[in-house]
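As given, the protein sequences belong to chains Y and D, one line each in that order.
Under the numbering used here, the first residue of the first sequence is numbered 1, with each subsequent residue one higher.
Under the numbering used here, the first residue of the second sequence is numbered 1, with each subsequent residue one higher.
For the record, the hints were derived by calculation from the structure and aren't laboratory data.
Some hints here could point you the wrong way.
[Claimed, not checked] Computed footprint of chain Y on chain D; a stretch qualifies when at least three of its residues, placed anywhere within it, have a C-beta under 8 Å from a C-beta of chain Y:
{"id": "1", "region": "12-22"}
{"id": "2", "region": "68-78"}
{"id": "3", "region": "81-91"}
{"id": "4", "region": "128-137"}
[To be verified] Here are a few chain Y residues that sit away from chain D, every Cβ distance over 10 Å (derived from the structure):
{"id": "5", "residue": "D181"}
{"id": "6", "residue": "A237"}
{"id": "7", "residue": "P243"}
{"id": "8", "residue": "Y258"}
{"id": "9", "residue": "G413"}
{"id": "10", "residue": "A547"}
[Stated by the list, open to error] DEER-style ranges, computed between Cβ atoms:
{"id": "11", "chain 1": "D", "residue 1": "S37", "chain 2": "Y", "residue 2": "E135", "range": "46 to 54 Å"}
{"id": "12", "chain 1": "Y", "residue 1": "A573", "chain 2": "D", "residue 2": "P125", "range": "19 to 27 Å"}
{"id": "13", "chain 1": "D", "residue 1": "S37", "chain 2": "Y", "residue 2": "A168", "range": "52 to 60 Å"}
{"id": "14", "chain 1": "D", "residue 1": "P125", "chain 2": "Y", "residue 2": "A503", "range": "29 to 37 Å"}
{"id": "15", "chain 1": "D", "residue 1": "E162", "chain 2": "Y", "residue 2": "A10", "range": "48 to 56 Å"}
{"id": "16", "chain 1": "Y", "residue 1": "S162", "chain 2": "D", "residue 2": "D134", "range": "51 to 59 Å"}
Quick caveat, the model's predicted, so the values are computed rather than measured.
Don't be surprised by glycine CBs; every beta carbon is placed ideally from N, CA and C.
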Amino acid sequence: MSGPLRAVGAALPRVDADLKVTGAARYTVDVALPRMLHAKVLRSPHAHARVTHIDARAAAAMPGIAAVITRDELNGLNATYGYFIKDQPIVALDKVRYIGDMVAAVAAETEEQAVRALERIEVRYEPLPTVATIEAALAADAPALFETPPPGIVPAYGTGASGFKDPAKNVCYRFCYTTGDPAAFARADHVFADEFRFSRMQHYHLEPFVTVARVEGGEIELWSSCQNPFPLRKELARVFNHPEQAIRVHVPFIGAGYGAKNNCKTEPIAVLLAKMSGRPVRFCMTQEENFLTQSQHAAILKLETAVSRDGRFIARKSEILLDAGAYSDASPLVAEKAGYRINGPYRWEYIDSRCDCVMTNTTPAGPFRGFGGTQAGWASESQIDMIARRLGLDPVAIRKKNLLKLGEAYVPGESGMDSDLAEGLDLVCREIGYGRSERTKGRGIGIAIGFKDSGGVNKPAEAQVKATTTGGVIVNCGTVEIGQGIQTAFTRIVAELFACPPARVAYAAINTDVTPFDQGTNASSAIVVMGQALERAARDCIARVLAFAAAELKCAAEDLRLENWSVIKDNQAHALAPMIMRHFGGTGFEFVGRGFFKPETDHHAPLEAKCVSWEIGWGAAEVEVDEETGRVAVKKLVVSGDAGRAIHKDACRGQDEGAAMMGLGQALFETMRYDGAELVNIAAAKYRVPLANDLPKSFRAVTQEQGHGPGPFGAKGMGEAGMLPVAAAIANAIEDAVGVRVTSLPLSPEKVLAALDAKREKP
Amino acid sequence: MSSAAPETISIVLTLNGRAHSARVAPKLMLADFLRESCGLTGTKIGCDQATCGACTVLIDGAPAASCATFAWQADGAAVTTIEGLAANGALDPVQEAFKAKSAFQCGYCTPGMILLAKALLTANPAPDRATIRDWISANVCRCTGYQMIVEAVEDAARRMRETVR
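The whole structure should be built from the sequences, with the hints applied where relevant.
Below, the structure is given as structure tokens:
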């Protein structure tokens, strides 16, 4: 490339703007097929029970009912699904394991008929003792959620990392990582042991879990609000013993997910009902059902951290317990990431981390923005601050002393940091006014650095770029538009490479029959993994165009460059369209380029491949604490992510701001509240999410463009990081303000007041 | 007089500026009527509990949760959905502002947010930032963190004042 960037970074509207501001954007909820039926499911009222009897004959005879699923209809299928561990049944088999577990499903002409039929399904339960919390599930006399371990696998790990399936009762998976010399602990001046608690949120995506499926002529076709259509296709092929080439998944616009919309949710029931009825079936959950389908992981995190008296980090032993809920879902992967990320972007002599997925009789937990990094960052960045204050050191200085430098490997065998961490820290300190000499009573400032790897694990991606006769360019790849703006980012990247106006580049609809393979739109991987595949595809397409033009112009391809669908040779432009039609005939042609990317398998890297990129979220908060009520007001919030290169600046800013507000909700009030095993604040009317009124008076997201990312033009993934530092920054600010430490989320007035009271009672 | 509930109710409304008549079931919600009977799928259903505001439409200019409004309640009223906001292919200034300021991500709350903002700016052409924050707190956006929406509403106010001028 030569000259300034034109499409990349241009202040143009997003490509999905017109569709989204006019209501024309089509989501899965908007898909309607002729003769379509509506599905509803019967859910368990018990947290843990044996299903002793189920009879759906009366329901099947109700008006309008076309198909009914109970466990009796699962014969011949591989009736359980899951990421690594296949433990979640399409509908309950022998047991139900949480309130809301799916027991039966019906398809009817109308949703109302479906709901009425559910009332006629007769189920008898034999209740079993329940375990609603991590502690209860780990108690010696706790009932087991699974009497026999479900089938599953442990992925391959490299140096220092290991995984174990079913290492203990009600623990479905354990991830361990160790590096360095354990004797380092003995060399430390201080060892601090602290425990932290992380509460869980619901994703609260506004478009519910929804699928429209049809099974006709031996072909399964579905439209789904799904982040990973290819793994979904593979899982459905396994569940239904159906060949993959006869399953077609379409993904329209997605009304957000924040992690929730990976793998099977509504899909198996919709497909099975469609298969049984011979008619298209729509299964759209209610928001209450979303709350009973997926959540973030609550966690208990115990850290033993060894440091020198001058604040050098030496060793850390971590024990993390994640509340996986009733089914494993993505918990093993979340455990891997929480266990791997717990030490933050700092230098250590010894690391010993363990993370367990603990099964409880609650909503299954799964991927959630931050993916274990949120839990890890909450504990680690809180404790680092506590250690600094205990040693009488400055919380920013202690971080700076230990931060990994640009290019320095995270751990042995790993890739290097692709952001300058100190630069970002200085930035948020400046923005928040850190180190100001004047102090106001009840006010304080806290800093935190959120950290995660990005790009997924060993993730392959393929992209295709087509150029038409008249210079229209079509990007064909499996990254879904879930709000992040990837259609905009990818078409701008390709426009830049083609040196054409962005309006000439389109983003193809996703259809697994024709879309090249992608593992999923998650792990902030689009820009750094698919982006690299896409750049190669665009360059491959351009090379084919130039090779064609070189043959036509009888020169070397190296002497040509592409500009606005002409080839430039010796400063003279030759229009491509007439050249193509002269050669291929009047109907023209399409040039097709392909590109592939996958990080290399590497046994020296702990996760079997070096992490593609590192995603950092710097955060700073200024709070005011009311010492009479314990109420915390966030006066100022600053977050900053490093986009490497911002392909679309507004989209980057929006990611950081949206993530930060999610973090603010988690810090202050947003949480799923359980009474025993019953979720009491289920759905919108009872569950509080941040509103515009919750915006801090001063709120700033600064997108850095440090330029070190592995993606096109130095770009990096940045959609998750803005959330990661917020809760710890606010907890750190509270201690700075009033001298009390709250180690459990959310930082509610009750907890802050209790901490203040405890402090006041001390002599 | 029979006490049996009528099968359907006859309604006449102005839908996006055009006269529209229909027979609706007594329990049919306005959101379902718009989406399923009229094919106006720009109106989105989120929580279905009149809390998130994704289903916001304007009834005689006032924002209403169409998921919690019976279709028959719109009888005799003027209903505006997101599809009715652009006039002759030209975006409304509020839509222009949301587009220019990228005040959306997944877009699911966007039709409701735009109509909510439209109602505010029609009643109050120059709201201050606190007023905008208060007003749009009626609806949930889980993606943006609201700041860019607030800025888009400010921008829309400017655009509307310029259009009037």
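- Should the hint that S37 of chain D and A168 of chain Y are 52 to 60 Å apart at their CB atoms be regarded as holding? About 56 Å separates the Cβ atoms of S37 of chain D and A168 of chain Y, which means 52 to 60 Å holds.
- Query: Falls inside 48 to 56 Å, the C-beta gap from E162 of chain D to A10 of chain Y?
  - Reply: 24 Å, violated
- Query: Holds or violated: 51 to 59 Å for the Cβ distance of S162 of chain Y and D134 of chain D?
  - Reply: 53 Å, holds
- Message: Can you confirm whether chain Y covers the region 12-22 of chain D, using C-beta to C-beta distances below 8 Å and requiring at least three such residues?
- Response: With 0 residues closer than 8 Å to chain Y, the region 12-22 of chain D misses the three-residue bar; violated.
- Task: Count the residues of the region 128-137 of chain D whose CB lies closer than 8 Å to any CB of chain Y, then report whether that count reaches three.
- Result: holds (count 5)
- Hey, does D181 of chain Y actually stay past 10 Å from chain D on C-beta? Holds: least Cβ distance 44 Å, greater than 10 Å.
- Please count how many residues of the region 68-78 of chain D have a CB within 8 Å of a CB from chain Y and say whether that reaches 3. violated (count 0)
- Task: Please settle this one: P243 of chain Y was flagged as non-interface, so is its CB more than 10 Å from every CB on chain D?
- Result: P243 of chain Y clear of chain D: closest Cβ-Cβ about 33 Å, beyond 10 Å.
- Query: Was A237 of chain Y rightly flagged as not at the interface, with every chain D Cβ beyond 10 Å?
  - Reply: 28 Å, holds
- Query: In this structure, is the beta-carbon distance linking P125 of chain D and A503 of chain Y contained in 29 to 37 Å?
  - Reply: Once the Cβ atoms are compared, 33 Å apart, the range 29 to 37 Å for A503 of chain Y and P125 of chain D holds.
- Given as non-interface: G413 of chain Y, partner chain D, CB spacing beyond 10 Å: 36 Å, holds
- Item | Coverage claim, chain Y over the region 81-91 of chain D, checked by counting residues with Cβ within 8 Å (three needed) | holds (count 6)
When held up to the earlier numbered hints, the structure conflicts with 1, 2, 8, 12 and 15 and fits the remainder.
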